[in-house]
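Enquirer: So the chains spell out like this:
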Amino acid sequence: MHIVISGLNHQTAPVDTRERLAFKAEEIPAALEKLRQEAGLSEALILSTCNRVEIYGITDRLDNCRERMVAFLAGFHRLPAADFADKLYFHADQAAVRHSFRVASSLDSMVIGEPQILGQLKDAFFIASEARTTGLILNRLMHRSFFIAKEVRTRTKIASSAVSVSFAAVELAKKIFGDLKGMKVMLIGAGEMCELAARHFVNQGIEQVLVTNRTFSRAQELAAEFEGIAVSFDSFRQELDEADIILSSTGSPDYLIGPTELTTALKKRRNRPIFLIDIAVPRDIDPKVNELDNIYLFDVDDLQEVITENLDQRQQEALRAEGLVDQEVEKFELWLESLAVTPTIKALRRQTAEIAARELDKTLSAFPDLSDKEKRKLEAMVKAITNKFLHHPLNYLKAPENNNGQGPPPAVVIRKIFKLPEE
Amino acid sequence: MELIYSLLLVGALLLYVISMITGFVYLFRPGQKALHGGSDAIRFGAVLHAAAFLIRCFETGTLAVTNLHESLSFFALLLALAFIVVNRKNSIAMLGAFTAPLLIIFTLWALVLNHAVTPQPPILKSFWLPVHVLLSFAGNAFLVLGCGAAVIYLIQEHLIKKKRLKGIFRRLPALQKLDELNYFCLRLGFPLLTLGIISGSVWASYAWGSHWNWDPKETWSLITWLLFAALLHGRMNSGWRGRRAALLTIIGFAAIMFTFLGVNLFLSGLHGYLH
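Protein chains in written order, with our numbering: chain W, 1 to 423; chain G, 1 to 275.
In case anyone wonders, no lab produced these hints; they're calculated from the structure. Model, not experiment: these values are computed from the prediction.
Straight-line C-alpha distance at most 20 Å; calculated SDA-like pairs for lysine to any residue:
#: 1; chain 1: G; residue 1: K161; chain 2: W; residue 2: R272
#: 2; chain 1: W; residue 1: K174; chain 2: G; residue 2: F169
#: 3; chain 1: G; residue 1: K89; chain 2: G; residue 2: Y183
#: 4; chain 1: W; residue 1: K181; chain 2: G; residue 2: I92
#: 5; chain 1: G; residue 1: K166; chain 2: W; residue 2: T308
#: 6; chain 1: G; residue 1: K163; chain 2: W; residue 2: R283
#: 7; chain 1: W; residue 1: K87; chain 2: W; residue 2: A22
#: 8; chain 1: G; residue 1: K163; chain 2: W; residue 2: D301
#: 9; chain 1: W; residue 1: K331; chain 2: W; residue 2: R320
#: 10; chain 1: W; residue 1: K268; chain 2: G; residue 2: N237
#: 11; chain 1: G; residue 1: K166; chain 2: W; residue 2: Q313
#: 12; chain 1: G; residue 1: K162; chain 2: W; residue 2: E305
#: 13; chain 1: G; residue 1: K166; chain 2: W; residue 2: G178
#: 14; chain 1: G; residue 1: K161; chain 2: W; residue 2: V300
#: 15; chain 1: G; residue 1: K163; chain 2: W; residue 2: D312
#: 16; chain 1: W; residue 1: K267; chain 2: G; residue 2: G234
#: 17; chain 1: G; residue 1: K163; chain 2: W; residue 2: E305
#: 18; chain 1: W; residue 1: K398; chain 2: W; residue 2: S338
#: 19; chain 1: W; residue 1: K174; chain 2: G; residue 2: K166
#: 20; chain 1: G; residue 1: K163; chain 2: W; residue 2: I307
#: 21; chain 1: W; residue 1: K268; chain 2: G; residue 2: M236
Isolated chain W (complex conformation) (with noise of 0.2 Å):
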C-alpha cells in the first residue's frame, strides 16, 4: 500500500502546460472513476487550480506507477505523453504524505502563505468523496492536511503580512491611523488597481468613498458602486481635505497634487494626516509632499519593497513551517505502519508465543518430575493450539478482499482486539 501524488506546478511547468492538463470541475467525477482503473489506484483524488494540477492515490503497485499516471492525464486530455511527461513530479510514501501537507500549508504556492489552496484542496476531497473515490487513507491524509494548515496559519506568521500592493496599503493605513473605521478614501482616477485597492479599504469600514476621474461619468460609475460621491476633476483639489487617505492612479505627465494644495488642505483639516499612495507611473504625487508633517506619502516603489519584505517574512516563517509539518509527517508514518499487514502478523505472533512460554514454563516447573520427551509433547501441544488459535485472524489479515480500503483495515482491528503494543 502507497501513497503516491504526481502533477505538476507553477514552479514545473508554464502555464500553457498546466492550462492544457487542468481539469474543469464538472468533470472531475468521471475523471476520479476513469483514473482510478486506468492507473490501479484503490483511492483517487484529483486537484485541479490554475497554479497545479495534481492527483494523489493510493496504489498497491509502484512500479509504473507514474507512468499509468502519465497515459490517463495524457489519454484523458488528448495530449502527447511527450509534451508534459519531463514535467510531472512524482512522490511516494512519505515523499507524497509531506507534499500533502506543504500544498495544504500554501508553502508550495506561488506566493508563499496565500490563503485559497487550502480551500481548493478541500474542495477537491470534496468531490472526491462525493464521488465515493477516497477511502481510509486519503481521507487520513486529507484531514490531516487540512490541520497542519491551520497549525501553520495560527503558529506561524506565515500570513500576517500583506503581499498585493493593496493590502500592504491598507496595513500602512492602519499603521498610521490605528483604525480605519470612519475614515474617508478619495481615488482620483478609476483604474482598476485603485478599485481593488478601494475594496479593500471599504472592507475595513471605510466610512465615504471619493471618485474623481478626468472622464466623469466614469467617477459616477465607480463611486456608485461603493456608494460614494463623485467629485469633479476641475475641483477635485478644493476637496482634499475631506480625504484622510487619497489612492492616486491617473495616467497624468505631470504631478497633480504638490505641496501647496495639502498644505491648504491640513490647514482646512488642523493637521489631521493624510496618507497617500501614489500607484501612477508617471507619478501623480510631487514627493516633496512627503517632507511635510502629518502628510504620509507612499508610491509603488515603495509598496513595492514593504512587499518584497513582506515576502521574506514569509520565507523565513516558511521554515518554521517546514519543522511543523516534518513532525506531522513523522506522526502520519507511525499511524500507516499501524496499518501495515507484515509487521501486525509478527506482532500477533510474537504475543502469543510469549503468552504459551510462559504459561508452559509455569506448568513445567509444577511438574519437575517430568521426561524429556514427556516435555517436548508438551510444547508440541502447545505450538499446535496456538497455530490453530491464529489460523483465521492470520488468514483474515493477509485477505486481499479485505484489504482493498472499503472497510477498516484489518490491522487495525487486530491490533484492538488483541492489544498489540504500537510499533
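Fit chain G to the supplied structure of chain W, relying on the hints for placement.
Expert: Leaving out everything else, chain G in the frame of chain W:
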C-alpha cells in the same frame, strides 16, 4: 521595619528591571507573552512599592516626601500608578518599555541614597504638604508618560517617513494612537499640575507669607506650566498634533525633570530642604 522597607523597594526595582527586559524581548522577539509580561511586572512592582511607601508614611506619620530619597521613591510610585491607569485606558505596546527605565532610575537612585527616617522639618508639618505634593507629582507623572508616547511617536514617524518598514516598525503602535495617548496624558496631567501649583501657592501664603516668592522651584514650575499650557492651547485651538506636539512634550519633559531635580541639585531656594 527598616529591612522590610528596603526589601520591598528592592523587590519593586527588580520587577521594574524585569519589565524593561521584557520590553526589549518584545522588540526583538515579539509575542503576546512579552507584551503583557512587561506591564504585569510594573503592576506587581507598584504593589510592592506602594507597600513600602505606606510603611514609610506610617513611620513618619505624614506623606513620606520630606527628603530626596522619599521624593524620588514616591515619584517612581506615582509614575508606575499613572502607567497602570493609562495602560488600562489605552493599552499601547512599548509604553512600558519607556516607563520601566525611568522607574528603574528613580527607584535605584532612591535606594542608593541614605534612606533612614529623617526628622521632618517643622515648615513641612502642614495639611498642604500631601495635597501639594500629591497633585504636582501626579500631574508630572502623567506628563512624563505623555513624553513616552511622544518619543515612540517620533521613532515611528521617522520610520514611516523614511520607509524603513521592517523590524521594530511592525512592533510599534499606530501614529494616531500614540498621538491620542500623548493628548490623553496632557489632559490628565495638566489640570493636576495646575492644581498642584495653586495648592502650593496657597500653602506658601500661610508658610512664607506670600503666594509667590520667585523661588527657583516656583519659577521653573511656572516655565513648565507655560510650556504645557501652550501645548494644550495649540492642540485645542490650532490643530497642533503629531510631530510638533511630540517635540513640545519632550521639551516639557526636560522642564519637569529640571524643576523636580535640577533645581534642588544646582540651585538653592526655599524648596531646598530636600538635601
